[in-house]
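So the protein sequences, as listed, match chains Z and A.
Everything in the first sequence is counted per this note's numbering, starting at 1 for the first residue and increasing by one.
Everything in the second sequence is counted per this note's numbering, starting at 1 for the first residue and increasing by one.
To be clear, the hints were calculated from the coordinates, so they are not data collected in a lab.
Small disclaimer: the values here were computed from a predicted structure and weren't measured.
Treat the hints with care, as some may be off.
[To be verified] In silico lysine-lysine, DSBU-like type, Cα no more than 35 angstroms apart, as pairs:
(1) Lys247/A to Lys272/Z
(2) Lys333/Z to Lys247/A
(3) Lys333/Z to Lys148/A
(4) Lys24/A to Lys118/A
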Amino acid sequence: MVSPDIWLFWWAFWCYLTSFALFSVFLATGKDRIGWFGAAAAGLGFLPQTVGFFIRWAISRHYPMSNMYEYLAIMSWMAAMMMGIVLWKYRRLKIAALISPIIFMLMVTASMLPKEINMQLMPALQSYWLTIHVTLAAIASGSFAVGAVTSFLYLIRDPEMVSSKKGPFSGKMKPIAFTMGIGFPVGLALILALFQALPASAATFNLGGNPINGIGSALTAFGIGAPLGAIGWTLIYRRINRTEKASGGGYLAAVAFLSFLLGALLAGILTKSHIFGITQGSPFRIFEFFGLSWILALPCFFLLNSFFRSGKRLASLKLDRGLMDDISAGTVKLGYPLYTVGALFAGAIWAEQAWGSFWSWDPKEVGALIVWLFYSGFLHARLQRGWTGTKSAILSLAGFGMILLSFFGNYFFGGLHAYT
Amino acid sequence: MNQNTQPPPRSLTARLWSTLASMKFAILLLVILAVISVFGLFVEEFLPDNPMASPWSEYVWEKLGADGMMALRNIGLTRPFQAPWYRFLVALLAVSILACVSQRLPGILRRLKQGPAKLDKTAILALPLHATISNTTRETLQSKWPKKFSRREEVKENGELWRGEFGHYAHLGPALTHIGMFLLAIGAMMASLGVNTFQMGGFPGDTIMAEDLPFELKIDSFRVEYYPLAPGQTVLVDDEFLGRTLKRIRDDIWLVETGPHGKKSDRIEVEASQLANQFDRNFDSGNIRDYIANVSVFEEGQAIRTAHIEVNHPLRHKGWRVYQSSYDPEHPRVAARFDTAYIKVSRAADSTALDTLYLTFDSPAMFADNFALTAGGFYPDYRRGQGEDYSLSAMMNNPAIRIGISRNDKELSSTVLFQKFAFHGSTSEQVPFIFDILDIEGATAAEELRTIFSFRRDWGGGVIWAGFIVMTIGLLLAFYLIHRRFWIWLEPESDGKMRAVIGGESTRGTHHFEREFQTIIARMKQ
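Bound-form chain A, shown alone (with noise of 0.2 angstroms):
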């Protein structure tokens, strides 16, 4: 009878798909996935995807022009890591893996279910670790069987076969480790599919709206909180100069280096009272220790939750995710009080002191011939912005007064009066004076900064966390947990006694095993 011993062809198929889960394919898409990526960390440097990134980005964009360079970016050349032909790549390999794991997990299920091999005399005698015993009885080899080994008795043609394993389910680690790695693949590729971000911000009080979410949300309050003084901080040093403190000498006495960082630096010692180490956020941001914003979650008009909003703790809801992104020192919503400002006013024409103003923001004052001065706006930093006045911060850095002169209740005109300086106002013939602040009583400022919250939803979360939690179990068996196979093989001997051939087998840390080994046969023998 003819019979066809060639296997039958196989499809293009099965040639791939076995192609795919071969290890010399895995290694080389490492290998290829590894060089592409030193490659790309090179090119990000080299063809910046940004011409106005620094003087090399204006060159290079210069030179190639801005064709070139489009060119460039539309092959992905400019951003190699988010470029259609490197997720190929990392899909392919995701591919790979999971016809690897497809086509070795069947047998190591098969495996893990049927134990350590039916190892016959010969071949426990074969293995380097091996012993006899004799004149031994089955209840004694029973009563001594390491209890860490699980047992499998069965009875063969010529005598009895124990077997045992500890630490099997190491088979499990590569392929867990690998379907790890697939979830892994598969969730960065949604997450960078399907992510939806954008910022947005607000002062406290303010809430938060937008098409995409699913909810409102009213920022409670937002406050940026600074460390106390310390060693190794920028500081203002008596309101006059930048300097970095090095150590507290004493109690309330401070080493402060004025000059450039160095052995050779200017050293000097600073009372604790003349050192501020929240003075400017252009110099003294590396003295912050948190930005926190509280906020109320609300769906449909009701508060559903609040929240603490800070760096490392972002707030989750609905599969969003908000983050405390930035906010904005350059432009802060102060609110600044005060009791009593003392207001001189004086004759334009000779500078005659007529009289000393009380006033607040409770009632105008008035003084000369029905004049009267309102106090308009307390402004403790004042800045002159596009038409409007405000303050930079609550510190009592620049403080200035609007007021507004009226006469018989009309309004003559308004000005800005600065403490810090002598009246530099116009004057009219309708208000022929000229006006000093003497004194500020009980001024008090709260200064409340715009927040700016990131806000993002993508695919993937979930499935990237279980390929994380997979894949360390994963490493965690296949990496250190050891597996032990124990074997006896038992068959009789005169007077009813029985002789066992024993033989052990570890896939690491044999110098261990082989004392184990000897300690489990000298107990057996006893």
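Bound conformation, chain Z alone (with noise of 0.2 angstroms):
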């Protein structure tokens, strides 16, 4: 028999869909109906979700924060608050509209790990520590995760790519297209040039149970190659074009992130499903893995780009991007004194009183410290240097990349945070 949380888990994963299909639907037609309706499916998704998470912690007789699966939950949950606090605030079905996707996709990511309930903790656990670090940790990641939403929307909604009437791979697209196909060869000649003897990877796709191998070096080599080719094409790039306005650049770097994070999803998905294996104990796993994510990235960037610059969808979207801008900020403002008290100071202190010392740079601290000197950079920047609009946007959203790569590094780092 399935436990009731996991049942009241999978009852708020289908009104979290309905939601999304809802909200889908309202988007593309502007009936404010349909968006009401999907506000209703995802509040019909949080009252399950939250009963759950209560019925989890009564039958471990624990708090319910002891692996990712309740990490990504509690995560989502704090996002389907958000929405549920912008409707309530500002009235926006639209934003509320793009905050579902996440909530969706983290509820999706969640139902992919083992929901078994962890029945007894390792003693190192068993402090109330756990309580204080992992939900801050998790409420202002929740938070980041809204921000990032409404940074995309504030970057998708440039206006002179709404309005432009060009095909989706002209005029400024190229060098998005160039980016991500420079990422190979530069990719593949690093490898070559620097690391001729590289063990060989093991890397394998199983599909129809014939194991495809030798992909691993390819996708090493893209997986670095690619973001090298991204950021070094770019720079180039806009050192040719110099004079010329600066303009989609944003536009370019969203869907890039979108297309890139469904990449992720679906690599995920296959590592999961055992389709695609990495090579266990190699440094290079994380790019095999990121480059498995950009080739499955190249299919969905088009896609999205292809939806979002066709027809009138953009131009529908019809959102104040000055209060997309504020929202962001808004919450980065909330998230980030939650994320330093809990993710940094609670988890320092607990790492103390168990393992003696406050900080051992182990590579989930590493990731967290990372993270934190972001947001610590992007609020100056924001705050002090005037840094709003595109730039804080596009920081916004690298800024929930790092957290995303912080929550799954132990994956491919290990460390003393040893989760499933």
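Assemble the dimeric complex from its two separately framed chains, guided by the hints.
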């Protein structure tokens, strides 16, 4: 028999899926009534998710925050709550509509992880600092996730891209197409030059019981090369076209970000279902994963770009960019203190009690520090240097990307935070 | 008169300090630290400090050679976060924060002292939130002034200015946040430079003494606690094979998974009495609930205090912290006894049973012609160590008794008898007998494990705590306290009445404040 909290999780899952579908229809048709149905569906998901959390707490007899499934579930719960706050405070269905895919994606990721209740916490986890540390970090991450959504909205509402009549691969689209394409040769050249005697990668594809081997090095090359190519080509392009009015870059960054996120999600599904296997124990395994994510991101990019630029979808999203910018900054201002106190301070105090040292340079700790340094820079740039609008939105997306990397980092870097 | 309008040239120190205090420098440093931290994460993976850690480590060390790796280690590339250059960057950030705070704090304190800006009528009317009330009185306005706002009244040339504010301590937020960060950076550097740490352990009854330690630690007891049988545990089924409990089906029946984890695994129903969740620490460590040691602290031979040390609850004494670090499951000290062991004695030549002996620890059992059998030791879970017998645990996994055989008080031989195996000890001309354990009655065994404590003393712990507190307060003030200001410009009208020009401003939550402002105005108009 399925545990009641899992049953409620799936109830919430289907409600959020329904909400996502209804909000998609709302965005396509612009009918408010459908949007409110979408919000209601999300509310119907939020309630069982909340009840499920407390049931799980009661069953396990400890605060249910001891594995990645529970962390992601609370993150999605926080995003759903933020959706409710946005709706209550601003009455903007369109913002809620774009928070719904984040909630759903978090639920999808959580659904792929082991959901068994951990009845017995290992000694180190038996501390009230677990509650403080993980809850605050999850709430802050959920807040940053909502900030990333509003930043995404800000970027894709670039007025020039909205009014552009050009095709999806013309004009400003060239650099990103090149960027994606150039990554492979650059990366491959790098690998061949620097790591000629690289140990054979054991990455495999298992399609229909026929394993395909020998793809690991290519994936590694692509995983290293694509981001390097992307950064390199962007810098070169900006240098060449420095006299041209800078525009469209934010839009491209947003679509590329979402494409990569989808690519990584697909790669995660393939890995989880054992269709794709990364080389265990190899330091290159993260690049193998990134390589596959980039490859899967390519079709996503073209599809998303076509979706956002075809017809009148972008124009129909009559969103106030200023408001998006304000909400994005507001979520970071809400999340930053929580993240600082929860992820860093509470974690450090707990580490001192359990392991003897406030800081051990564990990969997860370094990941949290990187996130914190990044958002510190973001806030200084925004509040003191006046970085608002496109710059701020791109930084907000990058920050959320780092949150995800820090969260899933222990799959690649190991360390003391050995969650399942 | 000629006046030099050029500002005096600033010294190099002043310019350097100004650069360190600049926002641009701080952002640049944060970005550099973030990038280097990302770089460090990957470097630790690709350039492992330990050549034996993994096949990749062996490969890298072989490719780059020990000299190459040592060269990389010397410049801090194998452990970048412990490298001097990384510490230098953290120190630079601390200095930058100090410069920033020292430059901005006087202004913040001045602003706190001075209160809201002294606006005139025109400036108040230029505020986004403003209103005018005519035909009012000073008393009315004073009585309706919102209580949560402080108030300062000043008489000006052509009117009166009242100004008040709420949440002005929000100004202190950024300064406190940065002071907290500075303390954290200093504390972290102190901790990394002045750490004194070592590990020592012992069995219950042992006393730990160390040269650096200003006290002695007597281990009164140590135990490992297990969870009761529950779903998800690794269990030994019927002393035969390993399984994993899935759920309790009925009161004493459990569903146990015996194959690989998954939907297609083999599942069997087993009685609770046939399941053991405490059997071998190589497999059952996931069922452990806690490691608990009770200790007494001695100073100059006097017991000062007793304490309880477990995971998450270290002992803190005289600047030292003592952690329950680990324990030694492989070499426990087992104290075991039995009441009576029934030993069958047979003749070695033809295996003819001669006698059944009732062996106890208290007295030898006599047999044959003045032969005596004595119990030398009892081992519930017998193992043969380097030259000595020991018991791996207190569980009756492999009960064995060491016996001594003598004749006329002269020791002839000594051997080990196993309850689960037939006698296979050596016989000799002097001892022409074989012995078998028929039964062991009243066997009891207590296991004592060697606990291992981690002793640690470092500097900067207090500074780090201060940093946590100051920075948390700073963050709360800076991000969650809203600073609101309220002004009234009063000027006389005819008939002794007054006219009030009222304005308000909020750093955040402007929609909410707008509603509050309108409410205040409505009340003042009544």
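Against the structure, the hints:
1. Lys247/A to Lys272/Z: holds (25 angstroms)
2. Lys333/Z to Lys247/A: Answer violated: Lys333/Z to Lys247/A is near 45 angstroms, above 35 angstroms.
3. Lys333/Z to Lys148/A: holds (25 angstroms)
4. Lys24/A to Lys118/A: The given pair, whose Cα atoms are some 31 angstroms apart, holds under the 35 angstroms limit.
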